[in-house]
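Participant: Take a look at the letters that make up each chain.
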Amino acid sequence: MILDGKAPSGRIQDSWDKHRFDLKLVNPANKRKYKVLVVGTGLAGASAAASLGELGYNVEAFCYQDSPRRAHSIAAQGGINAAKNYPNDGDSIYRLFYDTIKGGDFRAREADVWRLSQVSNNIIDQCVAQGVPFARDYAGYLDTRSFGGAQVSRTFFARGQTGQQLLLGAYSALSRQIKAGTVKMFPRTEMLDLVVVDGEAKGITIRDLVTGEIRTHVADAVVLCTGGYVNVFYLSTNAKGCSVTANWKAHRKGAYFANPCFTQIHPTCIPQAGDYQSKLTLMSESLRNDGRVWVPKKKEDANKPANQIPEDDRDYYLERKYPTFGNLAPRDISSRAAKEACDDARGVGPGGRGVYLDFKDSIKRLGENVIRERYGNLFEMYERITDEDGYKQPMRIYPAPHYAMGGLWVDYNLMSNLPGLFVLGEANFSVHGANRLGASALMQGLADGYFVIPYTIGGYLAQTKPGKVKADHPECAKSIADVNASTNKFLEGKGKRTVADFMRELGTLMWNDVGMARSEQSLTHAIKKIPAIREEFHQNLKVSGSGAELNQQLENAGRTADFLEFAELLARDALHRNESCGGHFRVEHQYPDGEAKRDDANFAYAAAWEFKGVGKEPELHKEPLKFENVHLAVRSYK
Amino acid sequence: MSAHASEHGTMTLKLIVWRQAGPKEPGRFEHYEAKNITPHHSFLEMLDVVNEDLIKQGKDPIAFDHDCREGICGMCSAVVNGVPHGGQKRTTLCQLHMRKFKDGDAIYLEPWRARAFPIIRDLVVDRGALDRLIQAAGWVSCHTGGVPDGNAVAVPKRSADYAMDAAECIGCGACVAACPNGAGMLFAGAKISQLAELPQGQVEAPERVAAMMKAMQENGFGNCSNHYECQAACPKGVDVKFIARLNREFHRALFQEAVGAVPSSES
Numbered sequence: 001m002i003l004d005g006k007a008p009s010g011r012i013q014d015s016w017d018k019h020r021f022d023l024k025l026v027n028p029a030n031k032r033k034y035k036v037l038v039v040g041t042g043l044a045g046a047s048a049a050a051s052l053g054e055l056g057y058n059v060e061a062f063c064y065q066d067s068p069r070r071a072h073s074i075a076a077q078g079g080i081n082a083a084k085n086y087p088n089d090g091d092s093i094y095r096l097f098y099d100t101i102k103g104g105d106f107r108a109r110e111a112d113v114w115r116l117s118q119v120s121n122n123i124i125d126q127c128v129a130q131g132v133p134f135a136r137d138y139a140g141y142l143d144t145r146s147f148g149g150a151q152v153s154r155t156f157f158a159r160g161q162t163g164q165q166l167l168l169g170a171y172s173a174l175s176r177q178i179k180a181g182t183v184k185m186f187p188r189t190e191m192l193d194l195v196v197v198d199g200e201a202k203g204i205t206i207r208d209l210v211t212g213e214i215r216t217h218v219a220d221a222v223v224l225c226t227g228g229y230v231n232v233f234y235l236s237t238n239a240k241g242c243s244v245t246a247n248w249k250a251h252r253k254g255a256y257f258a259n260p261c262f263t264q265i266h267p268t269c270i271p272q273a274g275d276y277q278s279k280l281t282l283m284s285e286s287l288r289n290d291g292r293v294w295v296p297k298k299k300e301d302a303n304k305p306a307n308q309i310p311e312d313d314r315d316y317y318l319e320r321k322y323p324t325f326g327n328l329a330p331r332d333i334s335s336r337a338a339k340e341a342c343d344d345a346r347g348v349g350p351g352g353r354g355v356y357l358d359f360k361d362s363i364k365r366l367g368e369n370v371i372r373e374r375y376g377n378l379f380e381m382y383e384r385i386t387d388e389d390g391y392k393q394p395m396r397i398y399p400a401p402h403y404a405m406g407g408l409w410v411d412y413n414l415m416s417n418l419p420g421l422f423v424l425g426e427a428n429f430s431v432h433g434a435n436r437l438g439a440s441a442l443m444q445g446l447a448d449g450y451f452v453i454p455y456t457i458g459g460y461l462a463q464t465k466p467g468k469v470k471a472d473h474p475e476c477a478k479s480i481a482d483v484n485a486s487t488n489k490f491l492e493g494k495g496k497r498t499v500a501d502f503m504r505e506l507g508t509l510m511w512n513d514v515g516m517a518r519s520e521q522s523l524t525h526a527i528k529k530i531p532a533i534r535e536e537f538h539q540n541l542k543v544s545g546s547g548a549e550l551n552q553q554l555e556n557a558g559r560t561a562d563f564l565e566f567a568e569l570l571a572r573d574a575l576h577r578n579e580s581c582g583g584h585f586r587v588e589h590q591y592p593d594g595e596a597k598r599d600d601a602n603f604a605y606a607a608a609w610e611f612k613g614v615g616k617e618p619e620l621h622k623e624p625l626k627f628e629n630v631h632l633a634v635r636s637y638k
Numbered sequence: 639m640s641a642h643a644s645e646h647g648t649m650t651l652k653l654i655v656w657r658q659a660g661p662k663e664p665g666r667f668e669h670y671e672a673k674n675i676t677p678h679h680s681f682l683e684m685l686d687v688v689n690e691d692l693i694k695q696g697k698d699p700i701a702f703d704h705d706c707r708e709g710i711c712g713m714c715s716a717v718v719n720g721v722p723h724g725g726q727k728r729t730t731l732c733q734l735h736m737r738k739f740k741d742g743d744a745i746y747l748e749p750w751r752a753r754a755f756p757i758i759r760d761l762v763v764d765r766g767a768l769d770r771l772i773q774a775a776g777w778v779s780c781h782t783g784g785v786p787d788g789n790a791v792a793v794p795k796r797s798a799d800y801a802m803d804a805a806e807c808i809g810c811g812a813c814v815a816a817c818p819n820g821a822g823m824l825f826a827g828a829k830i831s832q833l834a835e836l837p838q839g840q841v842e843a844p845e846r847v848a849a850m851m852k853a854m855q856e857n858g859f860g861n862c863s864n865h866y867e868c869q870a871a872c873p874k875g876v877d878v879k880f881i882a883r884l885n886r887e888f889h890r891a892l893f894q895e896a897v898g899a900v901p902s903s904e905s
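If you read the sequences in order, they're chains A and B. The first sequence begins at 1 in my numbering and counts up by one. The second sequence begins at 639 in my numbering and counts up by one.
Keep in mind that the hints are not guaranteed to be accurate.
For lysine-lysine, the following DSSO-like pairs were computed, each having C-alpha atoms within a straight-line distance of at most 27 Å [to be verified]: (1) A:K616 <-> A:K253; (2) A:K597 <-> A:K612; (3) B:K697 <-> A:K489; (4) A:K392 <-> B:K852; (5) A:K542 <-> B:K697; (6) B:K795 <-> A:K496; (7) B:K727 <-> A:K184; (8) A:K179 <-> B:K852.
It is worth saying that the hints were derived from the structure and are not from the lab.
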């Protein structure tokens, strides 16, 4: 089937303004009659719940953490982009739009990206008004810096904690609505099913993670803001609780999953230290503004201490390969270049999986104090984890799974193919194409929540009668029974292996076969291997305790079961996409210098998959992508 | 660098852990061994190892809160040898590494203990009281949209930096757990100071401090008696000067209330 993204026609500059006018409005007096469920309270969810509550909708919000302030948006360090052009350095909405389309390697919908660029400026205004303490210059105006993949200075930041400060801003707005009674908050609550009635999303089934109670909440619309899925690689920069579960449950109920193979591997993470490792820690790539990336030129130097390798024997490979962008080359390119150096046996540190990030020259040029002022918290973090002093010896970094560009398919209104189901932020697939640029995730989360959903949800609700589905609907009872059955299955298992053991096995397979470099052979291997792991998981799993209490193993068992189904879809999508683009690198498709080689004639579309049963081949639907404003071109950062 | 164990050696540690099946169940200390721990294990990765052993033995693993494991979400929370987060300066429990311990060490593990934080299970407590403090007034009443350009109001750099120092709070609650009075003054003071310092938050400063002080009383927090344990335990180094600011703001609000500018917080 050919999917329609419902992007407005006409001049792209006018598209969002015209569309907002065309959308139907809900009468202010009627808004409180409509109930909206917002799942997840990161940047997208908290901003959406707060804004919808302010408009007068009857909102219920859910998160698995103990407080809405803890969502993983909080971990974003570097900053948030906006086309303010405050530094007068040539930025504009058009340039941000252009950079995002090109950075995404031409696999995003133009109209969505234009809208994102347009509202980026409103986000900064909103956050300032909330009391977000952005960095400022001595005149008291907002400071900016340039950030991975951009040649203008458009990234606003709050020390190394931009995500935290923006989330606390959205959380404060949400808290105000909780007090006002427009939003009811359910922390420590996990969505385990989507309730679909007559083809429309009308509720969710949740598990109260403290009491174990399983119940359904019905509503007029459901908004998923449930983040990304790169924990499918087990070791990633995501929080331990991040999972594909909410998205996967919606997918199983009919929502299409788009471009799952578009995953981002972040270049500046602390390398893995041992097998026991539970997560990988990212350090802001703003470090690349002043740090120089290198490995030894000679393999035999790889085990020597860095200070014993003379300048002439160091290969500053990003500066060598990409003279224009140098150490600021986009994330996918930088990550692959690091892998190539390590595959060439020139990697440093344990297991030879690391490259140096060296501040020696910047410290010489600017002084240690300036570097400390800019990145002090990151150097501290590095030392806490590695026991090494980044001021005295180069840091070691290695790429790690970080972000999911793919997600549930949505149209221009951020509505999935299931009417009434909206998907925001990282959970959807819409604006980053095959690669996300630095400082664009925060921008998208807040754009969707503050400035898109408040308009587009009205377009849907205005055409539905409030309270159509009641809690006693048979679909609710069925959903509760299904969730109970799968929960009990985990608890009744009499196997020998732990959940973490299975998740580690799956993650290792995914990283090796479906990670930074993918081939037909590796993907075919993964597609064969995943069902075997899944089968053993259901036969040989050991979970103790009961369902009627706080049971963290049970939570993880459910998330792992979903990853074991989803992983297969990810690998299938990667196999079907017989081209390289952005974060999806197929070794069969590269230019002689190792750059990703796109196949626009055959793959300039979003691949939206329809669930057909576990282990069954999913059905592919295509949304053709048109590039009328930015012309398809080979992405070059040389 | 305090690498007590050799780089390649592993450690065995004795854990004495508070176990409590539910909010109303009696609790007790249980003894466990953590084996094959390297200096590079994080504290929570050490607990993962212990839990994997317990699960394999058919026992209930130790429940503990954690999420980002990179020191920013504020979810991890346990008292280690009497000190919230384990006592490494400006470090959350998830960022504490086992190189700070040596082979054979005994480690006592307890949940946050404060009247405002009821125990849910083992090391997991309910910190909803902190959310309720923010809900009371820890915000600026601006509606989405309808705000001026971000550069319309200049904010002195020293004010922005001061606000950022206060805003570093991650809401973990270590300050409350460390305080002999179970006070939430550092947490509330940080938010009150951040918003009172910025022009955007000054408008509502008196009402904010009045409402948050009232919420602290209602939610079972004690009062500050200048022990400064909160600052010592804070993984982000939030300064007790923000408690002084809270007190100044509160007295200013009381005065404004006396002259009729602020509605009474008691009503």
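Participant: Does each hint fit the structure? Answer for all of them.
Facilitator: Outcome of the hint check:
1. A:K616 <-> A:K253: Holds. K616 of chain A to K253 of chain A sits at ~15 Å (cutoff 27 Å).
2. A:K597 <-> A:K612: Judged against 27 Å, a Cα distance of about 31 Å means the pair is violated.
3. B:K697 <-> A:K489: holds (19 Å)
4. A:K392 <-> B:K852: violated (50 Å)
5. A:K542 <-> B:K697: holds (11 Å)
6. B:K795 <-> A:K496: With a Cα-Cα distance of about 59 Å, the restraint between K795 of chain B and K496 of chain A is violated, given a limit of 27 Å.
7. B:K727 <-> A:K184: violated (37 Å)
8. A:K179 <-> B:K852: Satisfied, since the Cα-Cα distance of roughly 14 Å is no more than 27 Å.
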